[in-house]
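Spelled out from the first residue to the last, the chains are:
Number of protein chains: 4
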Amino acid sequence: MIRAAIVGATGYTGAELVRLLSRHPEVKLVGLTSQQYAGQPYESVFHHFADQVDLHCSPQHIEEIVADADVLFLAVPHGLSVPWVVESLRQGKKVIDLGADFRFRRADVYEKWYSTHHDAPELLVEAVYGLPELKREAVAKARVVANPGCYPTASVLSVAPILGKGIINERRLIIDAKSGVSGAGRKLNTPSLYAEANENINAYNVGKHRHIPEIEQEIAERAGLQADQMAISFTPHLTPMTRGILATVYADIQAGVKITTDELRQMYQEFYAGEFFVHVMKEGVWPHTKWSYGSNHAFIGVTVEERTGRIIVSTAIDNLVKGASGQAIQNMNILFGLPEKTAIEAPGMFP
Amino acid sequence: MIRAAIVGATGYTGAELVRLLSRHPEVKLVGLTSQQYAGQPYESVFHHFADQVDLHCSPQHIEEIVADADVLFLAVPHGLSVPWVVESLRQGKKVIDLGADFRFRRADVYEKWYSTHHDAPELLVEAVYGLPELKREAVAKARVVANPGCYPTASVLSVAPILGKGIINERRLIIDAKSGVSGAGRKLNTPSLYAEANENINAYNVGKHRHIPEIEQEIAERAGLQADQMAISFTPHLTPMTRGILATVYADIQAGVKITTDELRQMYQEFYAGEFFVHVMKEGVWPHTKWSYGSNHAFIGVTVEERTGRIIVSTAIDNLVKGASGQAIQNMNILFGLPEKTAIEAPGMFP
Amino acid sequence: MIRAAIVGATGYTGAELVRLLSRHPEVKLVGLTSQQYAGQPYESVFHHFADQVDLHCSPQHIEEIVADADVLFLAVPHGLSVPWVVESLRQGKKVIDLGADFRFRRADVYEKWYSTHHDAPELLVEAVYGLPELKREAVAKARVVANPGCYPTASVLSVAPILGKGIINERRLIIDAKSGVSGAGRKLNTPSLYAEANENINAYNVGKHRHIPEIEQEIAERAGLQADQMAISFTPHLTPMTRGILATVYADIQAGVKITTDELRQMYQEFYAGEFFVHVMKEGVWPHTKWSYGSNHAFIGVTVEERTGRIIVSTAIDNLVKGASGQAIQNMNILFGLPEKTAIEAPGMFP
Amino acid sequence: MIRAAIVGATGYTGAELVRLLSRHPEVKLVGLTSQQYAGQPYESVFHHFADQVDLHCSPQHIEEIVADADVLFLAVPHGLSVPWVVESLRQGKKVIDLGADFRFRRADVYEKWYSTHHDAPELLVEAVYGLPELKREAVAKARVVANPGCYPTASVLSVAPILGKGIINERRLIIDAKSGVSGAGRKLNTPSLYAEANENINAYNVGKHRHIPEIEQEIAERAGLQADQMAISFTPHLTPMTRGILATVYADIQAGVKITTDELRQMYQEFYAGEFFVHVMKEGVWPHTKWSYGSNHAFIGVTVEERTGRIIVSTAIDNLVKGASGQAIQNMNILFGLPEKTAIEAPGMFP
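Chains as they are written, first to last, in full-length UniProt numbering: chain Z, 1 to 351; chain F, 1 to 351; chain X, 1 to 351; chain U, 1 to 351.
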């Protein structure tokens, strides 16, 4: 059995890790840390685990917790991962960081967008950006996996099949994304109140969201460009639903390129052939976030809009699963040589 | 492998059976019937199964479908089950009816409340009312399981531990129940439209809901009363959520009985000790339907209201799982001697 | 023009007062106090008033604010009203308290249920419980109006027509109530988060809600009983909607009383004849909270359940309007001799 | 008093017209037609009008209904307006069509996108596209007003201040729009069911929505372009809320143009100065659809994204009010020389 600890287990991504790992046949949960609830039974924080998860929240004693575990899931706010990663490497443990601290190749980009200092830039080279459909082999050999952000997961999956092929102008993509409210986490703030978020949609952090440089980095890499050549517009919207991200992407087709919707779809189908978790939809079928509800599955719809010379792609995932905890487990399965879909294969919950 | 067919597979309970059975290690889905979608790929009706369920909807050829299966799940409107049950018995197959046709001991009660004729009253004696926590042994030997209604499941679990003990006046219970909109099924009617159901709660079928006689029958049986002695008020409410039932039950404590909340809770805990799916909550913790979301788990909160001399119980389930498809699979597991929680053990999805 | 000040203007009931009063033809808003936002433009707290409300939030300088106004609306947490009421009386101003401090005839009941001390019990005799449909004349002469709680408004309207007539056992009513999340106000707490409240319903404060003694007091008074003879069960439920309260009431018909649903409905229609804001529904029509959305209207459905010997009533209001701010303006209109429906006559918003 | 008839009064836009007109001081409702509910009391179709609207639904006898009214509001599906417009012109009555039949200057465009034949192309020249903020003077003199579509209203208001000024490339705008479910009307179809639409967002009709040519026509006109030069991408999304449209617009700044966010905002503020219903938000404030809930107000946020050389605009309206019925009344007020905001001036309902 793989011994797993979750650092920051009482946020939504932490709870989602517990939900999925509690049914994983090869995993034993050995630690659930929480600053706020240390000492309390985990099931008293999240009653849906009543009689099912028999662990208490523990304080964050790094050395002991790392010692007890074979793998650590870090579900803490950005800026707090470095000591855990350092200790995990020292003790030879695997670590999967669900936060942003190890997602960037360049510390200066991280520091600029996150308005903070990176305490261990030398370790960035160690981390693998864990989007398994694109970097499966690298993940398998990693010691540190930087689990992608929710928006970047949906965004990068949306265009990966057509990057670097001269089909679209990758530099000037427009990504209009919609996220459920759980993306803001369990912390208390007024916009996350039911009475504020319900019956409402709004853009936020326009031109300033911290997932912008992450999206640009990954798309640039696959397109054969430098990150600082990118000029992607990414606009997130707070949407009145608990879970789900829908990314609708607009790409200008390069002058002189001829491509039909059928040809485009075929490229996507070939690219994602054999991928258990990625589903390219048929003509006229556009993904619903609800199809991915509670699951690790992603749904992609594509079209060539001939009237405008654009490609439009729309991708649906569950922000807490494929966009966070499910993908982290997918990475863990790869790290430990298990079948990649173990414990996360279930279809979405509909309705 | 158990070969299972779902009759009426394109409603919500049908889809939920597919979701759960598609991951059942001992079950192979062999038939998914649908009048409306016969001939179409099942995944084109429910896209969340894209690339995951490789069956077409089939027309309802009773003889063939029964022949192909070891067990039949009937998820059709009431009044349509008899021919399937007759044929299943003839061919020696197990059948689990999620509808009302075989829930009543007395055909006249069914006929009165459902305003219809029962075509095979002689078979009612054959059927076991499949609430496993209360009738596990009978289910194990059954050929026909009448899967309980969603409201009755929540209602009967709410009071089962204190029936027939002289503690409460079972005859005059009041059950105020709240159900998500999926309880109305996938058929088109104006009150089920988003714009009508959202931001709204209302009582409906007050004093007339068809689950009243089912609730009275089961409570009377356990209380040692005749069904026609019962005078239970049951009021369902349409609640703006997709899934979930909450039943809040009011029972007058019999004159002369002394009982504290602690004693009451202990009775519940003892009654449900060892039940994997039933969770009695601690003092001051009242069940949330969200805790049961997508799961077969039930949560029960109890209190003695000393000021009024009443016991108040509130029970949360997922109407489509413990209230329908999950419980049907629980019954199937019992019928076939499998561990009862196989394929339905997952905790609820929160948030 | 009546000069009105709102004390505590940046909560939900405060904002609702501003919404409604900003269109009142006889009212000029002269003060909007807020501890949290003092000094900020009101429209920067609530952007839906952009370019429409030209006032800043002011600190709570009691003497000045009372001096500037003809009428004060107090929308502050319980326990904070007394100094405002004292000063208003001193300066001869009218005051309408939307909180609980002046709703009780007996300070000890208030002190017990609210776990606090009442600083001016001698003023309780001054206050009129402002449910206009029942106490219009008293309100007209009042200096201090105690605006009823949201749950008590729905509960008392539900049974007022049949109290004190020997028809029902008023002592042992059961009231099962469902409220939208805005009832918890704009303060930050975890159960009010969208991701917690959405797709969920739960009972809370069972047997302990502070509206219980208020409901018992008002029903006892009209039934000719003492408050301490009452044993009403009142169970509130947090419901996944922003606005709305539905109270479903169960009353045992007294032995020997014969009454039909038609007779019952007629009693209600006669009792509420001429009431602009109260609507008794026809046979088989049960109120939806959505019908009252944003309006001061109440909808009441009634039936005699012959099978059980009970009367069941279900009443829908908007908790922020008829349950708070709208009713406060209704009271103000009465206080100042204006047509009672001024500024609050609009029908509900549907869908 | 202006005598008003609503043709197609039992859809959502019809009900919204009744809600707003029932409080209009200068209007008397004289006719509410409905094919489905002819002969029934209007308040039995929409119970929120109980005791408040005292009219029956009438069959669609064109000649009589036009004769009785001074102004007709047509809230019928496209393709059905021509006979009403013809008769209104014959009898010299004003007519406001909320559907698409009279929105296009060119019948061939209408016929292509709506896959139908236009029965009176010669009358198109008669109709004024009734977006009052842009065409107030023309509306004032019109006999036939074509009320804009909901998406076009939000889209055109979003960019009107910067069209034809050489600032942006108007030809290649991208408009990503999100609409509440009421936009699909009250007709029964599966995607509008609560259990399908809740907790879900999806794109639909990508590249094919009928509002595309309407948006292109109006933007082209103001930009000094021909409609067939336009290549606007417009993607609508079904969003889990009852009301509201948010249009997020992406425009490439022309090469060589220098503009800051402050300068941009000032252009918007000057353009909309004096417009009661349009609100340009301050730096960093992005419109919420909830601010416009139930109101005729529009909220616009703008920014210059210097990193990409784009302007991003996000506009929120209520699809049933400014996007339909409220704007229709705004047009009526102009047609009859009344203050433009009469009966529709109320702020949005929040929360």
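Keep in mind that the hints were calculated from the coordinates and are not lab data. Check before you lean on any hint, since a few could be wrong.
Since copy identity is lost for identical chains, a pair holds within one copy or between any two.
Unchecked claim - The calculated lysine-lysine pairs, modelled on BS3-like cross-linking and capped at a C-alpha distance of 25 Å, are:
1) LYS282 <-> LYS208
2) LYS135 <-> LYS208
3) LYS165 <-> LYS112
4) LYS187 <-> LYS141
5) LYS258 <-> LYS208
6) LYS165 <-> LYS187
7) LYS187 <-> LYS341
8) LYS141 <-> LYS165
9) LYS135 <-> LYS165
10) LYS187 <-> LYS135
11) LYS28 <-> LYS341
12) LYS28 <-> LYS258
13) LYS141 <-> LYS341
14) LYS112 <-> LYS341
15) LYS165 <-> LYS28
16) LYS141 <-> LYS282
17) LYS187 <-> LYS28
18) LYS112 <-> LYS28
19) LYS135 <-> LYS258
20) LYS258 <-> LYS341
Quick rundown of the hints versus the structure:
Taking identical chains as interchangeable, the C-alpha atoms of LYS282 and LYS208 lie at most 25 Å apart only when they sit on different chains, with a minimum of 16 Å there against 34 Å within one chain. Proximity of LYS135 to LYS208 under the C-alpha cut-off of 25 Å is found in neither arrangement, the shortest distances being 27 Å within a copy and 36 Å between copies. With identical chains, the CA atoms of LYS165 and LYS112 are never at most 25 Å apart, being 31 Å at best within one copy and 35 Å at best between copies. With identical chains, the CA atoms of LYS187 and LYS141 are never at most 25 Å apart, being 35 Å at best within one copy and 48 Å at best between copies.
Taking the shortest alpha-carbon separations for LYS258 and LYS208, only the inter-copy value of 20 Å comes in at or below 25 Å, while the best intra-copy value is 34 Å. With identical chains, the CA atoms of LYS165 and LYS187 are never at most 25 Å apart, being 42 Å at best within one copy and 45 Å at best between copies. In this assembly of identical chains, the alpha carbons of LYS187 and LYS341 never lie at most 25 Å apart, being 31 Å within a copy and 34 Å across copies at closest. Within a single copy, LYS141 and LYS165 get their C-alpha atoms no closer than 28 Å, and across copies no closer than 56 Å, so neither meets the 25 Å cut-off.
Only within a single protomer do LYS135 and LYS165 lie at most 25 Å apart by alpha-carbon distance; the minimum there is 19 Å, versus 47 Å between protomers. In the homo-oligomer, the alpha carbons of LYS187 and LYS135 never lie at most 25 Å apart, since the shortest distance is 32 Å inside one protomer and 44 Å across protomers. In the homo-oligomer, the alpha carbons of LYS28 and LYS341 lie at most 25 Å apart both inside one protomer (17 Å) and across protomers (19 Å), since each shortest distance falls under that limit. Taking the closest pair of Cα atoms, LYS28 and LYS258 never come within 25 Å of each other, the shortest separation being 53 Å inside a single copy and 45 Å across copies.
Taking identical chains as interchangeable, the C-alpha atoms of LYS141 and LYS341 lie at most 25 Å apart only when both belong to the same chain, with a minimum of 18 Å there against 37 Å between chains. Within a single copy, LYS112 and LYS341 get their C-alpha atoms no closer than 36 Å, and across copies no closer than 48 Å, so neither meets the 25 Å cut-off. Proximity of LYS165 and LYS28 under a CA criterion of 25 Å is satisfied in neither setting, with 44 Å inside one chain copy and 43 Å between copies. In this assembly of identical chains, the alpha carbons of LYS141 and LYS282 never lie at most 25 Å apart, being 35 Å within a copy and 46 Å across copies at closest.
Taking the closest pair of Cα atoms, LYS187 and LYS28 never come within 25 Å of each other, the shortest separation being 28 Å inside a single copy and 39 Å across copies. Taking identical chains as interchangeable, the C-alpha atoms of LYS112 and LYS28 are never at most 25 Å apart, the minima being 39 Å within one chain and 49 Å between chains. Taking the shortest Cα distances, LYS135 and LYS258 never come within 25 Å of each other, neither inside one copy (30 Å) nor across copies (41 Å). When the C-alpha separation of LYS258 and LYS341 is checked against a cutoff of 25 Å, the pair qualifies neither within a copy, at 37 Å, nor between copies, at 51 Å.
Checked against the numbered hints listed earlier, the structure breaks hints 2, 3, 4, 6, 7, 8, 10, 12, 14, 15, 16, 17, 18, 19 and 20; every other hint is satisfied.
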